[in-house]
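Visitor: Residue numbers (the numbering used here), protein chains in the order written: chain A, 1 to 307; chain B, 1001 to 1141.
Check before you lean on any hint, since a few could be wrong.
[Unchecked claim] Examples of chain A residues lying across from chain B (beta carbon under 8 Å, computed):
1. 82
2. 84
3. 85
4. 86
5. 105
6. 106
7. 108
8. 110
9. 111
10. 129
Read the hints as simulated data drawn from the structure, not as lab findings.
Note that beta-carbon positions come from the ideal geometry of N, C-alpha and C, so glycine has one too.
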Amino acid sequence: MLRHLIQPLDFTTEEFEQLFRLADQILENPSAYSDVCKGKLMASLFFEPSTRTRLSFESAMYRLGGQVVGFADAKVSSTAKGESLSDTLRTVENYCDIAAMRHPKEGAALLASKYMTTMPIINAGDGGHQHPTQTLTDLTTIRHYKGHFDHLTIGVCGDLKFGRTIHSLVRAMNRYDGVKFVFISPDELKMPQVFLDELDPQDYTETSNLKEAIKDLDILYMSRVQRERFVSEEEYLRLKDFFILDKEKMALARKDMLVLHPLPRVNEIHPEVDADPRAVYFQQARFGMYIRMALIMFLLGLGGQND
Amino acid sequence: MINVSKIKKGLVLDHIEHGKGKMLYQALHLDEVEDPVVLMQGISSTTMGKKDLIKIETDLELDYTVLGLIAPHVTVNFIKDGQRARKMRLELPEVVEGVLKCHNPRCITGVEHVHKHKFYLVDPETATYICEYCDAKTRYE
Ligand SMILES: [Zn+2]
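Using the sequences plus the hints, can you model the full thing?
Guide: Here is the structure:
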């Protein structure tokens, strides 16, 4: 059956585990996988620019020995001439074996996937809606350092109201046993009720005090606070430094607490934290590439399936 | 009192909220039905104060998904040989296909034609549905 990855929870935890194991194997011995996708072509369809994500996907495909065609901006694609998305994708399906697609409109990847008969689609971001490979990247990083997800306490800090990567991460982590959440944000940017409703009330706490909360965490997931979310410049200035992670706060945390961040950061993590071995946000990008390699192989039926 | 005779066969849509009968008539395209159709408005009701009612003398089947969405508390009486053969209470459908529209300006369905656009019921209290593409909430109005 043709599979796609459109939303983070399209895959079961067992399937996630197969992907993580495959990514581990690739990490241990990359040369053994350097031509598993030889002769395969990936379409890299970026209807809006996102250099970071695009490079990760393209590097992943090249490192598997495959090749890539595509575009980095809708201005150069046929949609600029008014072609419908479904027509573009149905044409591409004749050339390529798999597609990574980013689009400014919400639901674009799901729509495209409905027209496919042979080509798996990976949603590389659909507007502010879903970004499943970011979630996979976050989970891979946690699993690499912690070895498991069960019974971890994860603090998420920053813009919890609009932060899509946070919403997906919380949903994905909530599928594991005994995971506790600490939501750290100013009142204005609290976790929306719809997401809280999905959790057991015993499994989460809400606070606005990072300094206080950091002591009990296994993982601290930091996120950006964007200027355009605020009604006024004043409000933004008042809240932007609300939760800055610095050396002083890190000194209060556990020796094995991890700090993650989807990047790019603005000023929520002071550069002095970068040298701390617990700060793994730059390593995250590397795991992102390896899990994309595993995902491409999985969707092409080249590995990861119950092995 | 106007005398509207009992129908021999067909459907009686009862307990329509007063004032909604005409809307239902239009939404179900009953003006295009060639069989006799009667729309009655403002009938006194013991439970509802006033209600509307529609009688259709037909063998046709209605789209009960659409009907359930527009008027979830309507009772449908199926009439056969002048007797009520069956009675059905409508409910809000769990999934609605091709009736609702997504109002989220960032949704792909605003720029690309979609066939059989699905919406899922998330809150029966307020008859709220979410778009299968962008998860934005919407209601029938
Ligand atoms: Zn929508």
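Visitor: All hints are to be evaluated individually against the structure, with a verdict given for each.
Guide: These are the hints, each one checked on the structure:
no. : hint : result
1   : 82   : violated (11 Å)
2   : 84   : holds (6 Å)
3   : 85   : holds (5 Å)
4   : 86   : holds (7 Å)
5   : 105  : holds (4 Å)
6   : 106  : holds (4 Å)
7   : 108  : holds (4 Å)
8   : 110  : holds (6 Å)
9   : 111  : holds (5 Å)
10  : 129  : holds (6 Å)
Checked against the numbered hints above, the structure violates only hint 1.
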